[in-house]
Amino acid sequence: MIFIDGTIIDDYDAYLHAMSRLSTTDTAHHPENVQRFARSIVTAIDRMHNEYSHEKVFLKLDANGAGGWSCVSPTENPLLYDWSQTFDRRVDYLISYIEKNVLEDHLPSHAIVEEFIHADIRPGNIAADYTVCGFVLNAKFYPTSINLCATDSRGQYIEQWTAATPEQIGDDPQIWQRMFSTYAKMVEIEAEPFSYRNGIYAGDLFVTSDYQLKQRDWNIRRGGRSTPETLIMLNEPNYETKVNVTIDKNLSSENLFEIYTNVCDRLSRPPYSMYPFSTSFCYFSKLAEPNFLRINILINPENFRDDNGQILAKEKHRRTYQEILQDYVVDELKKYG
Amino acid sequence: MSDEDFQAFGFQNASSFDYRIELAHRISRNFGADHLIIFDDVALTVSKSERATSFVAVQGCDRSLLPALWLAAGFQHGATILLYTPPNPIELREYLRVKHSFEQRLKRSIRVRMLWNCIDVLQIYENDVDQYIDLCRESPKTRKEFYDEFHIDQLKENLQLICADAQRSFVFPFETMHLHHRALSHYPQIVLADVPTVDKAKHNLLLRQHHFTDLPNLLVTFSYLLFSFEASRSSCHFLDDIY
Chain A
1 MIFIDGTIID DYDAYLHAMS RLSTTDTAHH PENVQRFARS IVTAIDRMHN
51 EYSHEKVFLK LDANGAGGWS CVSPTENPLL YDWSQTFDRR VDYLISYIEK
101 NVLEDHLPSH AIVEEFIHAD IRPGNIAADY TVCGFVLNAK FYPTSINLCA
151 TDSRGQYIEQ WTAATPEQIG DDPQIWQRMF STYAKMVEIE AEPFSYRNGI
201 YAGDLFVTSD YQLKQRDWNI RRGGRSTPET LIMLNEPNYE TKVNVTIDKN
251 LSSENLFEIY TNVCDRLSRP PYSMYPFSTS FCYFSKLAEP NFLRINILIN
301 PENFRDDNGQ ILAKEKHRRT YQEILQDYVV DELKKYG
Chain B
338 MSDEDFQAFG FQNASSFDYR IELAHRISRN FGADHLIIFD DVALTVSKSE
388 RATSFVAVQG CDRSLLPALW LAAGFQHGAT ILLYTPPNPI ELREYLRVKH
438 SFEQRLKRSI RVRMLWNCID VLQIYENDVD QYIDLCRESP KTRKEFYDEF
488 HIDQLKENLQ LICADAQRSF VFPFETMHLH HRALSHYPQI VLADVPTVDK
538 AKHNLLLRQH HFTDLPNLLV TFSYLLFSFE ASRSSCHFLD DIY
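Going down the list, the sequences are from chains A and B.
Going by my numbering, the residue at position 277 of the first sequence is 277; the numbering climbs one at a time, nothing skipped.
Just add 337 to the spot in the second sequence (first one is 1) and you have my numbering.
If you're looking for bench data, these hints aren't it; they were derived computationally from the structure.
Glycine is no exception: its CB is placed at the ideal position from the N, C-alpha and C atoms.
Take the hints with a grain of salt, since some may be wrong.
[Said to hold, decoys possible] Footprint (simulated), chain A over chain B, 3 or more residues, beta carbon under 8 Å:
hint	stretch
1	381-388
2	404-412
3	456-462
4	550-562
[Stated by the list, open to error] A partial selection of chain B residues facing chain A, derived with a Cβ cut-off under 10 Å:
hint	residue
5	F354
6	P424
7	C473
8	R480
9	R505
10	F509
11	P510
12	H547
Start from the sequences, fold in the hints, and give me the full structure.
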């Protein structure tokens with residue numbers, strides 16, 4: 001169906017029809033097109049709220065985008081979703097958002113306005129936002145892992161828990177079965193129309209508080225969970241995050257490489273026994289001002305205990321490791337006066 | 338084991354060591370390949386807008402090492418990783434620890450080559466850690482200038498060396514794209530995975546058409562005007578369509 005506005009659709013045949021009409025002149029990034037796009041999007045946001053009765057909605061500015069500016073979260077952009085504001089005021093907000101964030105010569109061909117999903121809250125105050133991964137061979141899905149992910153207020157992934165078994169992260173095995181089953185069904189449906197019979201498969205879904213699955217994202221690439229999913233083959237769970245430490249002193253690339261190496265060395269030894277990876281960042285600390293160290297780490301949560309000998313609560317991990325890394329960096333910097 | 342039984346086993350044991358090794362073998366057989374070539378050409382997936390903010394040092398991102406390890410176990414000639422820079426020596430030390438655990442479990446060695454500037458840097462590390470550290474320290478001067486298609490070009494320019502004695506190599510980039518097929522599919526010794534659909538709207542709408550229900554409700558908004566011959570009908574019937 002194509003709505004009377006002429007730009008909004010909600011079925012597959014209309015989508016195929018629309019994509020067949022795509023032309024680069026129509027999506028050129030100039031003010032007229034930006035205006036029209038912004039007006040259509042706000043119209044769609046209103047439809048989802050008013051006619052489809054979704055209290056909250058979420059805009060993905062580019063249906064093909066991998067994240068970043070494409071996720072226009074209600075937390076960071078409340079005005080856009082504030083129905084007490086006028087249509088025009090919200091359109092103006094979106095226009096300035098597009099101008100600020102979309103640096104390409106062309107606008108996205110299409111955006112998605114979807115119902116805001118209220119994920120179940122798992123122990124440790126983490127939303128039940130899972131990545132499900134596997135491999136498709138001859139149109140059949142073979143699972144490799146499930147990861148529990150957490151995002152910041154913009155919807156960017158900042159950490160994840162990967163476990164060899166659901167019990168290791170306090171999940172019900174049935175939920176994992178349902179997730180894998182859903183993916184197997186999806187892969188089967190998509191194989192022929194999308195000509196996707198052989199390759200990796202990964203996506204993102206929410207589990208709601210009434211145990212519904214909402215498959216919301218497809219990230220069909222190797223991605224950040226392929227490293228943690230290798231280590232679970234040794235039957236241990238792991239927590240993954242990346243820590244950025246700002247370096248206020250002006251040091252050479254060589255010095256920063258030494259600091260990076262020494263910090264990783266300390267982290268990898270007991271008691272933490274962390275696994276540092278994607279360490280090629282060690283050569284590029286000077287690419288931003290102020291300079292920074294970016295260290296990706298994996299740690300078995302069992303290796304970190306609080307003062308009472310308890311495993312650290314989920315919500316405390318990131319800050320804890322940030323502090324540890326920060327301390328180690330400060331120690332290293334002392335060598336440089 | 339039949340495909341169905343193997344899949345059912347995977348549902349219950351996705352992280353099991355034996356299951357994954359068998360999966361690696363099946364991947365190899367499926368592609369008719371005896372060698373895996375893997376690289377993280379992440380820059381190809383990062384837009385200009387993102388490059389300015391969260392992905393400022395995209396050439397430093399390489400997470401291909403550990404996945405290459407378990408996949409390599411399924412290929413007769415193992416895996417070759419193509420790198421833009423040598424990994425930090427600490428990462429290699431920890432990597433080898435994991436590799437040895439895997440090999441102990443398998444009771445055989447896993448062949449992994451890590452090629453940087455056509456040198457197997459993993460072998461250098463294994464032979465002489467200090468030499469490896471020197472190589473890392475020198476690498477900012479000796480590495481090539483970065484550009485998005487670096488890894489693909491490295492593969493094309495050094496195909497013989499990379500493929501070595503393998504008959505057919507499955508090339509596994511960060512995200513398989515039409516670009517890879519255009520650049521590589523005419524080489525008979527290379528096989529690629531299918532190109533995935535990245536459009537979230539396309540996935541959602543197709544699945545919905547097939548009565549798949551584990552989906553959020555959504556509307557797709559195009560940035561250009563569509564041919565609206567259905568517009569007058571839709572304005573009367575859209576309420577019927579919802580309920």
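Okay, the hints, checked on the actual structure:
1. 381-388: holds (count 6)
2. 404-412: Per the Cβ count (3), the hint holds.
3. 456-462: violated (count 0)
4. 550-562: holds (count 12)
5. F354: Since chain A brings a Cβ to about 5 Å from F354 of chain B, closer than 10 Å, the hint holds.
6. P424: Interface hint status for P424 of chain B: holds (5 Å vs cutoff 10 Å).
7. C473: holds, 7 Å
8. R480: holds, 8 Å
9. R505: violated, 14 Å
10. F509: holds, 8 Å
11. P510: holds, 8 Å
12. H547: Holds - the Cβ of H547 of chain B comes within 10 Å of chain A, reaching about 5 Å at its closest.
The structure shown violates the earlier hints numbered 3 and 9.
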